[in-house]
Amino acid sequence: MVKPQVAGAVTANARVDRTSAIELVDVAKEYTVHGEVVHAVKGVSLDIAEGEFFSLLGPSGCGKTTTMRMIAGFEDPTRGVVRLYGQDVTDVPPNRRDVNMVFQSYALFPHMNVWENVAFGLKRRKVAAQEIKTRVGEILEVVGLTGREKRRPREMSGGQQQRVALARALVNRPRALLLDEPLGALDLKLRHTMQIELKRIQREVGITFVYVTHDQSEALTMSDRIAVMNDGVVEQLAGPREIYEQPATAFVAGFIGTSNLINGTVSAVDGAHAVLSLGSDDRILIPSGSAPGQGEAAVITVRPEKITIARQRRDQEVSQVRGTVSEVVYLGTYNSYVVTLDGGAEVTVFEQNAMDGTSTAERGDSVWLSWRPQHSYALRGA
Amino acid sequence: MTTVARKAGTGRGRLGDRLLHAYTWLIIVWLSTPIAVMILFGFNDRKSRSNTSWQGFTLEWYRRLFEIDGLTQALINSLLIAVAATVLTTVIGTLLGLALGRYRFRGRGISNFLIFTAISTPELVMGASLLSLFVSGNLQRGHATIVIAHVLFALAFVTVTVRARVVGLDPSLEEAARDLGASTWDTFRLVTLPAIMPGVVAGGLLAFALSIDDYVVTSFVNGSTSTFPLWIVGSVKVGIPPQVNVMGTLIFALGAALAIVNAVASRRKA
Chain A
1 MVKPQVAGAV TANARVDRTS AIELVDVAKE YTVHGEVVHA VKGVSLDIAE
51 GEFFSLLGPS GCGKTTTMRM IAGFEDPTRG VVRLYGQDVT DVPPNRRDVN
101 MVFQSYALFP HMNVWENVAF GLKRRKVAAQ EIKTRVGEIL EVVGLTGREK
151 RRPREMSGGQ QQRVALARAL VNRPRALLLD EPLGALDLKL RHTMQIELKR
201 IQREVGITFV YVTHDQSEAL TMSDRIAVMN DGVVEQLAGP REIYEQPATA
251 FVAGFIGTSN LINGTVSAVD GAHAVLSLGS DDRILIPSGS APGQGEAAVI
301 TVRPEKITIA RQRRDQEVSQ VRGTVSEVVY LGTYNSYVVT LDGGAEVTVF
351 EQNAMDGTST AERGDSVWLS WRPQHSYALR GA
Chain B
383 MTTVARKAGT GRGRLGDRLL HAYTWLIIVW LSTPIAVMIL FGFNDRKSRS
433 NTSWQGFTLE WYRRLFEIDG LTQALINSLL IAVAATVLTT VIGTLLGLAL
483 GRYRFRGRGI SNFLIFTAIS TPELVMGASL LSLFVSGNLQ RGHATIVIAH
533 VLFALAFVTV TVRARVVGLD PSLEEAARDL GASTWDTFRL VTLPAIMPGV
583 VAGGLLAFAL SIDDYVVTSF VNGSTSTFPL WIVGSVKVGI PPQVNVMGTL
633 IFALGAALAI VNAVASRRKA
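One line per chain: the protein sequences are A and B, in this order. Mapping the first sequence onto the working numbering, position 116 (from 1) lands on 116, and the numbers just tick up by one. Going from the second sequence to the working numbering is simple: count from 1 and add 382.
I should point out that these hints are in silico values taken from the structure, not numbers from a laboratory. The beta carbon of each residue, even a glycine, is placed where N, CA and C say it ideally should be.
Pulled a few chain B residues facing chain A out of the computed Cβ check, cut under 8 Å: (1) 554; (2) 557; (3) 564; (4) 565; (5) 568; (6) 573; (7) 577.
Ranges between beta-carbon positions, derived for each pair: (8) A:92 / B:494: 28 to 38 Å; (9) B:506 / A:59: 57 to 67 Å; (10) A:188 / B:465: 49 to 59 Å; (11) B:414 / A:60: 50 to 60 Å; (12) A:31 / B:507: 39 to 49 Å; (13) A:59 / B:490: 31 to 41 Å; (14) B:518 / A:60: 51 to 61 Å; (15) A:61 / B:494: 25 to 35 Å; (16) B:396 / A:158: 35 to 45 Å; (17) B:494 / A:331: 51 to 61 Å.
Cβ-to-Cβ under 10 Å is the rule here; a few derived chain A residues that face chain B: (18) 97; (19) 101; (20) 103; (21) 111; (22) 122; (23) 172.
Chain A extracted, bound-state conformation (with noise of 0.2 Å):
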């Protein structure tokens, strides 16, 4: 259903000059909820470069919110180490971490005015008058709330009280900002609006970004590196475009985007491709480096829109399987078919809308599906 949008994304690891801003080491976090012990995160190691935007994303109680509440100092691991430019900070509370934190339900002080709100960090660290009037001006410009000073936050909007939230952390120059599903109370409109801006006050202020979502298209779109989590471990660890084009997992290719799953067995291996049969005329072809060894049984991913849609069989170079169109939706841009293969999976398959406007094949249809084989992949453990 949600498109990819990948196309702005920036490369996963272009970065050179690489300095570690937040390094977490096998860190885990039990639980204990009325007797019983709660695995929240079962031992998580990340490495998030400085200057870098970088996404925690996943279902909720996948552990991403535990997670950041750990680099933020707000839980204590159970085991493992949290640390911030290499300085060990597991045993450090929350106010002596140079990290601040935007709250998902915002947390502005609501008996304070935007300008206490965003002065509250600097007073605390007794930085001098004049220049918590500076920074606080700068910062208010940069989120667009100048002239705003006076009001309280139950006189503004959502998106103004998520500039607020951000502009008091943002404004004690943290080595690094964590922001927990910050977007998840504004509609879709500002969220989209906000996203954009998120990006942009980050190239101006030079922070590393840690975002925590369970919104794909919104962790696709800002981040440089995203770590899928799922049931408190980091399934998948990749810059946007790889986290969707080559999903490692059944759950990363369920959870980003659409993606078929198909299986399969290996029915050969010939240099660089690796056969997976299905039925009489039906292979796909995966790339072999990914593949499982020959009569393994394989789970391979690909995505709607890399599938052709034909009523007659293709030349032999790309991944065939046949099928019955079961369903066809309009969807304006695209028409999305569901075929049912043969051999009973269902493939879903999005189709641009041709020039006429009219759709390949109709409901009932026996079809050819094809792709090229470095789009479909293997996935890990399945």
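For chain A, the structure is supplied; the task is to place chain B on it using the hints.
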């Protein structure tokens, strides 16, 4: 609310609306009549010892307010005790409310139960048991024992009021303060306390009101000290002097003023 009702526009809806208004006014009159009578008879130009029938307007009792020594002393005692009890109750009750609203700890359930018990125990029982406690503890009865007793029964009300406020508090407010470099004490002073302040003030007012007019418990533990309510009850047989009405009026006015200030202040903040 009225716009919605008017838009509904049916005859039935309008009738219901009127009935609701009438009922509301009835309740207001019902609640305020005794207070009005008390205020009114403070201006009564009474001729006999009893102050029960209206005989004309006068300001004499306001002028001669402090002429009855026993009454004046009783009022001073009551005010001193109420202030002391309010301060103690507010401090202890706020801390209790914070702990019960915030933390899960061993004994939390039993604490909540005890709070409920303190509210629901009949005053007679509380007074009698306190008296036997003080007697067996060989405590000189007077101001101190009255304050202890008042703190005891008012504490639960403050605790409950503050706890409600604490439960409704966004926990990330305090985390935000910590995150921005505030120490534990600064976090409490600058963020937590202002946020729960309306509850604290409301609880304090409640404690003051409970203390200043308590009769039952006080009558057990007062020793030879008289308080305003005790003095009034003692004078019933010989006729309550109009000064009592005047003092009652002034105490009521003070309480009402404080309640209004708190309501306005918390509306401006919250």
